[in-house]
Amino acid sequence: MMDWLLSLLELVVFVLLAPLFSAWVKRVKCWLQNRRSPSLLQPYRDLRRLFSKQVIMAEIASPVFRVTPYIIAGATLMAAAVVPFISVNLPTAAIADVIVLAGFFALARFFQALAGMDIGTAFGGMGSSREMTISALAEPAMLMAVFTLSMVASSTNLSIVIEHLMAQGLVLRPSLFFALLSLLLVGIAETGRIPVDNPATHLELTMIHEAMILEYSGRHLALIEWAVQLKLMIYAVLIANIFFPWGIATTDSMSAIAVGAGTLLVKLVLLGGVLAAGETLFAKMRLFRVSTFLVLALTLALIGLLSHIILEVG
Amino acid sequence: MSRFDWLSELIARCEEEHILFHGGSARELAPAHVLHIDIEDWGKFAVMAAEQQTRWCAVWAVQQDEETLLMNACFEKQGDYLVIRAPLDIHSPVLPSQAPVFPAANRPERHSQDMFGVMFGNHPDSRRWIRHQAWDEEIFPLRKDIRMAHSDQVAPADTYYPFFQAQGSGVYEIPVGPVHAGIIEPGHFRFQAVGETILNLEERLGYVHKGIEKIAEGRDAEGLAKLAGRISGDTTVAHTWCACMAMERAANVAVPRRGIYLRALLAERERVANHLGDIGAICNDVGFAFANSQFSRLREIWQRTQSVIFKHRLLMDTIVPGGVKVDLSSQQCETLSQQHAVIKTELNELMAILNDHASLEDRLVSAGHLSHELATKLGVVGYLAKASGVDYDLRRDHAYAPYDRMNIDSPCYQQGDVATRLQVRADEIIHSLILMDTLLQQLPDGDIANTWKPPVAICEGLGMVEAWRGEIISYVQFDATGKISRFYARDPSWLNWPALEQLIDGNIVPDFPVCNKSVNGSYSGHDL
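For the protein sequence lines, the chains are A and B, in the order given.
Each step along the first sequence adds one to the number in my numbering, with nothing skipped, and position 115 is 115.
Each step along the second sequence adds one to the number in my numbering, with nothing skipped, and position 314 is 314.
These are calculated hints, taken from the structure and not from any lab test.
Among the clues, some could well be false.
[Said to hold, decoys possible] Cut-off 25 Å, straight-line C-alpha distance, at most; resulting in silico cross-link-like pairs (SDA-like, lysine to any residue):
no., chain 1, residue 1, chain 2, residue 2
1, A, K26, B, I183
2, B, K210, B, S126
3, A, K53, B, I183
4, A, K53, B, M119
5, A, K26, B, E300
6, B, K77, B, E300
7, A, K26, B, G182
8, B, K44, B, S8
9, A, K53, B, E213
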């Protein structure tokens, strides 16, 4: 019972911290560009503003358009529950594995794309088409990177993978290195960051994710924005906990959890800095280059898989 | 090279083709040369002018009395301007179009068609242009018998504009605007695309039509100068200068030398401010925010200085008929030259970073290519022309004071893509900074303005100025009471907007914003 409570508590913290992580990335970006940044609380204020606003919807909106924000938020919330956050032995993490995680993302995306086309504006359809092009390449790359991990630990369950890697101690595995690179690239594409997509743009014609949600307002928009922040956080936690698992709480003791929370915070701060640096250093890619970018991710994951089979098995 | 050495050859060719001239004059609209022809020869003359490789500049009508419109068309070659004029009966206002030979004439002629009700016989595209459906079919707002009336009636929406259509499997249409997500001016763009590749782009402008030409009528000189400064906010100095130049030529008012130097200084400052902003904005449109924040910072420093020294961030209303309104103390001159040095150093540092940036290069090089042939055919001006190998700069080729005494350096490249247009801007900033240093060093003593004496007889004048976007041409006519009876300003955007439709061909949809930004036509300046 206790561990379920702890699990729930961690999920609540996860969801509440997600906007903060986005604000942190934005803050580092501002620093790197010699600008003054908004407060770290700004995303919360934005969410509060959006939640309190009236929802304006097109007259021709179908029920799909109406339910999509809830499905996206729900699926992303479930995905967050699957990922080991501060402690590794979560019952929520134990009942689902990483393929389910990818499934939740796919579910959210499917409805997102449908809703993009629902109103019938040119931008929505354009965004949906681009999103699907990208995800068709990003999902295999993600699964491939995840399979590399699974082969190393002989399990697709994230908790088991992390425990396995921790039990091994500090061993340099080329397969994990390639998987990390691949997952970083996929994460950038999946969360719509520069150089793949630009979350800050106002140019409708260049948008991918934003184009699909142009017609949303009020609490619908708030839910979607929150889900986007949550997704970014999920990828960050995933990368931090799988590839740098040291510090994560393996028992339910208060001290272990405190250490786990502290180390995770440091990892996220650093990871946010790396993301912000990357977003400052690069211009957005031409849309057709994205496929090259994702094929690179796929290739890296494949090399990781092969190097595991060749070098590490036996 | 003597002035107008091409004119005699053009006249000779025209006479071979039996175009009848009813006299010509070098004084009527000096420094332009005027030729009077018959309205029937309007199209034939254009053919001859095209044969002589002149550039088409402008067309405008002037209502002379209740019966007659005087049609004007302006051409340029080697920095010399030629205006042809022909009277047109207002009751049967039909004349041959020049658009078949000069594509640049297409929209300006439709502007005359909408505003005066003149009809161009063989016009390739006679749809309404500026005059949306807010007016009835039979109302031509610039005719003298149409009074401006205030109306609370909401203008009908401009629906059913017959856009160009494309059909086929996989072809879809993207309507963009006129209201955009960013804080920019309104304009509608209609794309036909297959997948992400653009098949065709059609612009629909006119949403910021303010009736500049109509509300100019009846103003005094000062009032017109103010109005001209509001044609396009980012070009306020150049437009005011151009209108004042036309008025001063009409009324024969001289500007003191110090005033002329200060005008040039203001115009160069406007050029630098806009180019700084544009370079940052082009980079921002490909998601490179670093450059945007840096160039915005430089532009802000620049404009704050303007706010302190010239009392207006955008230098609005600093130029008045007869001179300028703001003077510089020697200490202020010193402040300005110091700022020139600072901006130059910073710009060089930043351009080194931009030019060395692989992912930026990947987006900008080869995007939005405008060939030299197309640039010449469309008669584009300014940085758009200079990036596509058309080496024309009024300050050098049609040297007006004070540039006639200076060494004007103007960049010219052949590549014609977005990256080149960015480079032209950077080069122009450097040249302008050098030019401003010279202007400050040579700044003559004396008055900054002469008193304006309203003309007492009907008179007219033509002004030509190199604005930051390129050539502006303004025509002004005074009535016998010293009030404006006709004002026409041709913003460079009239010539550059059509080029955007062409240079976007074959590019992908998400590259449109950066291509558009690299052209950066003025909506307001175009819509008048």
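Status of each hint after checking the structure:
With a C-alpha separation of about 22 Å, the suggested pairing of K26/A with I183/B holds against the 25 Å cut-off. Of the pairs offered as hints, the one joining K210/B and S126/B holds, with about 22 Å between alpha carbons and a cut-off of 25 Å not exceeded. Only pairs whose Cα atoms come within 25 Å are accepted, and K53/A paired with I183/B is accepted, the gap being roughly 22 Å. A hinted pair counts as satisfied when its Cα atoms are at most 25 Å apart, and K53/A with M119/B does not qualify at roughly 52 Å.
Taking the CA atoms of K26/A and E300/B, the gap is about 23 Å. The hint holds against a cut of 25 Å. For a cut-off of 25 Å, the pair hint linking K77/B to E300/B is broken: about 38 Å separates their Cα positions. For the hint pairing K26/A with G182/B, the CA-to-CA distance comes to about 20 Å; that is within 25 Å, so the pair holds. A C-alpha spacing of about 17 Å is found between K44/B and S8/B, which places the hinted pair at or below 25 Å, so the restraint holds.
Annotation: proposed proximity of K53/A to E213/B is violated, straight-line Cα distance about 44 Å (limit 25 Å).
The structure fails to meet hints 4, 6 and 9 from the earlier list, while all remaining hints are met.
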